[in-house]
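Colleague: Residues 77 to 641 in the working numbering are what the sequence shown spells out, letter by letter.
Among these hints, one or two may not hold up.
[Claimed, not checked] Below, computed lysine to any residue pairings styled on SDA-like, alpha-carbon distance capped at 20 Å:
no., residue 1, residue 2
1, K488, P502
2, K130, I246
3, K130, G152
4, K488, G477
5, K488, A387
6, K130, D149
7, K130, R174
8, K488, A498
9, K130, Y146
10, K130, V115
11, K488, G340
12, K130, R85
13, K130, T223
14, K488, F470
15, K130, F113
16, K130, G120
Since the hints were made in silico from the structure, they are not lab data.
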Amino acid sequence: YTSGGNIYRAPVNPGVVNPGGVVSGGLVVAGQQQPLFSVFGSQGSPVWSPDSRKIAFVSNRDDHSFIGIYDTDSPGITYLAPSVDRDTSPTWSPDGTRVAFIRRPGLPFGASADRGDARPEDLPDGMIQARFAGGHDFSIRVADAETGEAMEVWHNSPDDQFFNEARQVIWAGDHIIFQAEPTGWRLYYAVAAAGGTGEPIELTPGDGLVEQISLSADGRTLFYATNAGDIDRRHLWRVPTSGGTARQLTHGGGIETYPAALAGGDHVATLSASASQPLTVAVVPANGGTARYIRELPSRYPLDLHVTPEAVTLNAEDGYEFYNQLFMPPDMQPGERRPALIFIHGGSRRQMLLGYHYRHFYHMAYAINQYFANKGYVVLSVNYRSGIGYGREFRNAPGRGGRGNTEYRDIKAAGEYLRDRADVDPDRIGLWGLSYGGILTAQGLARDSDLFAAGVDIAGVHLWGNSIDPESVSYQSSAISEVENWTSPVLLIHGDDDRNVAFSQTVGLVQLLRAQGVPHELIVFPDDVHSFLIHERWLLSFNATDRFFDRHLRAGENVTTGGRR
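Please take these sequences and the hints and turn them into a complete structure.
Modeller: Here it is as C-alpha cells:
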C-alpha cells in the first residue's frame with residue numbers, strides 16, 4: 077500500500093499491524109513504520125508479480141515518470157527503459173517475466189511556464205504540446221522485468237484525440253486490454269502483446285459506459301458491467317479478450333456490478349441490487365442466467381414498502397436533455413397535491429440508477445428517497461449534465477462548474493417540471509444533496525427561492541475559486557453571487573476536517589446568511605471528513621433532514637414517519 081508517496085507492505089496473515097508497528101520477517105514489531113525503499117519522487121500504483129516476489133510501481137518525478145521493479149528477495153530496483161517520458165499503469169504478464177505499461181511524452185517547457193504570462197504566437201513545435209517522433213502521443217510498451225529492455229507494441233495515430241486518454245492497462249492472455257473513448261463511450265479495447273500494426277480490437281461494443289471488469293482465470297474471457305441497452309441500470313456481459321461477439325449475461329430489473337470470475341470457471345460473483353433489493357453478493361452462471369443471492373434478507377425487511385422509480389427525461393431551457401428517476405407516493409389519491417423533493421447527486425461524475433446504488437453514500441441516498449416517497453413526497457432524483465452514464469458529450473458539457481454553472485439549468489428545469497405537475501403543491505418543493513449536490517442545492521436556494529421552498533446542503537461549495545470580483549466568471553457561477561435573493565430556509569451539514577470541500581465554504585456562507593437574515597440551521601461534526609466516518613452521523617443527518625423538511629414543507633399536516641407499516 078502507499079502513504080505519503082512511499083510504498084509499504086503488511087502481512088495479510090499472520091499478524092496485525094498496529095498503528096505504531098512495522099513488519100519485519102512476517103512479524104509485527106514495535107516502532108516507526110518504514111517504507112520498503114526510499115528513492116527520489118513520489119511512488120505509487122504498486123502491483124505484485126504473480127509469484128508475489130516483485131513489485132512493479134510508478135515513480136512520479138513531476139515532468140516525467142518511471143516504471144520500477146522492486147525485488148523483495150534481493151532488494152534493489154530495476155527501471156524499465158527509463159526515458160524523459162511519463163510511464164504509467166504497469167501490469168504483469170501471467171508468467172511474471174514481462175510488464176506492460178503506457179508511455180506518454182514528458183511535459184514540455186510550456187506546461188510548467190507561468191500560465192499568467194502572455195505567450196508568443198510563433199513558438200516552436202514541442203514547446204506547448206508534446207508528441208513522439210512520428211506525431212503520436214500515446215503508446216503501449218512491454219518490458220523484460222529482468223533486463224528492463226522494452227519494445228513498443230502499439231501507438232495511436234497522430235490525429236487521434238481519444239486513445240491518448242486510455243487507462244487501466246491489463247494483461248489478458250495473449251492480449252493487452254485498456255479502456256478508451258474514441259466513440260464517445262468508455263469501452264475496452266485489445267492489442268496483441270506481441271505487437272503488430274493493426275488497429276485495437278473493440279471488445280465491448282454499444283452505446284454504454286463500461287465500468288468494473290474481471291478476467292477469467294486463464295485470461296481469455298473478459299466479464300464486465302455496463303449500462304449498454306439499459307441506460308439507468310448495469311448488467312453483466314462477457315467477451316473473449318482476443319475479440320469476438322460480446323454476450324449479455326444478466327437482464328431485467330436487476331443492477332449487477334463488480335463482476336468477479338470464480339476460479340472454477342462456471343460462475344461469476346457480482347454485487348446485485350434492484351429497485352427493492354439492497355446491494356448484496358450474488359452468483360451468476362458464466363454463460364448467463366439469473367443472479368442467485370447467497371444471503372437472504374431478514375424477513376422483517378420491508379421489501380413491499382418500496383416503490384418502483386420511473387425513468388423521466390427532461391429538457392433544460394437551453395434544450396439540453398437530462399435524465400431522472402421519479403418516485404411516486406404509493407398512497408397517492410386523485411386530485412391530491414403533495415410536497416416534492418429533488419435529490420441531487422455529488423461528483424459530479426456520478427449517475428443515480430433505477431435501484432439501489434453500488435456506491436456507499438448513493439446506496440443510502442436511494443433508500444432515503446424511497447423513505448420520502450413512502451412518507452408521501454413526490455421525489456425526483458436528477459442526473460444532471462456533467463455526470464457519467466450518458467456518454468462523453470454529456471459528461472463534458474460546456475460551461476459546467478465554476479466556468480458557467482450550466483448544471484444548475486437542469487436543476488431549475490427539474491423544479492419547474494415538479495411545479496407544473498398536477499399532483500405536486502408548487503409552494504412545497506425542496507431539494508437536498510451532498511458535495512456537488514450541496515453546491516446545486518445552494519444554487520437553487522440563492523437563485524430561485526420562489527421555486528424552492530427549503531433545502532439541505534451537505535458539504536457544498538458556495539464560492540468557486542477564490543475571486544470575489546463580481547465580474548469574474550467563477551464568482552458569477554457561485555451561489556453567493558445571488559445571496560441577496562436567498563430567502564428560503566436551509567439546513568447546512570458539514571465536517572470541519574473535510575479534505576474534499578473546505579469547511580470554510582460553510583463558514584463563509586453562514587456569515588452571508590446571517591447578514592441577509594436568511595433562516596438557517598447548522599449541524600457541524602468536529603474532526604470529521606467529507607464522507608462521515610461514523611455511521612451514527614449519517615443517521616443523525618438523515619433524521620435531521622427528515623425533520624427539517626417536515627417543518628418547512630409539511631407544517632400543519634399530520635405527518636407519520638413510519639411509512640405504511
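Colleague: None of the hints should be skipped; say for each whether it holds.
Modeller: Here is how each hint holds up against the structure:
1. Of the supplied pair hints, the one linking K488 and P502 holds, its CA atoms being roughly 13 Å apart against a limit of 20 Å.
2. Taken as a hint, the K130 and I246 pair is honoured in the structure, with Cα atoms around 17 Å apart against an allowance of 20 Å.
3. A C-alpha spacing of about 10 Å is found between K130 and G152, which places the hinted pair at or below 20 Å, so the restraint holds.
4. The hinted pair formed by K488 and G477 meets the criterion: a straight-line CA distance of about 15 Å does not exceed 20 Å.
5. Distance hint between K488 and A387 is fulfilled; the C-alpha atoms sit about 18 Å from each other, no more than 20 Å.
6. Taking the CA atoms of K130 and D149, the gap is about 8 Å. The hint holds against a cut of 20 Å.
7. Between the alpha carbons of K130 and R174 the distance comes to roughly 12 Å, so the proposed pair stays at or under 20 Å and holds.
8. Note on K488 and A498: the hinted pairing holds, with a Cα-Cα distance of about 18 Å set against a maximum of 20 Å.
9. Among the hinted pairs, K130 with Y146 is consistent with the structure: their alpha-carbon atoms are about 6 Å apart, no more than 20 Å.
10. Proximity of K130 to V115 is assessed by CA-CA distance (about 17 Å); at most 20 Å being required, the pair is judged to hold.
11. Only pairs whose Cα atoms come within 20 Å are accepted, and K488 paired with G340 is rejected, the gap being roughly 52 Å.
12. Distance restraint check for K130 and R85: the Cα-Cα separation of roughly 12 Å lies within the 20 Å cut-off, and the hinted pair is therefore satisfied.
13. Restraint check: the Cα-Cα separation between K130 and T223 comes to about 14 Å, which is no more than 20 Å; the hinted pair holds.
14. With a CA separation close to 18 Å, the supplied pair K488 and F470 stays within the 20 Å bound.
15. For the given pair, K130 sits about 13 Å from F113 by alpha-carbon distance, which is consistent with the 20 Å threshold.
16. In summary, the hint linking K130 to G120 is supported, as the alpha carbons are separated by about 15 Å, within the 20 Å threshold.
When held up to the earlier numbered hints, the structure conflicts with hint 11 and nothing else.
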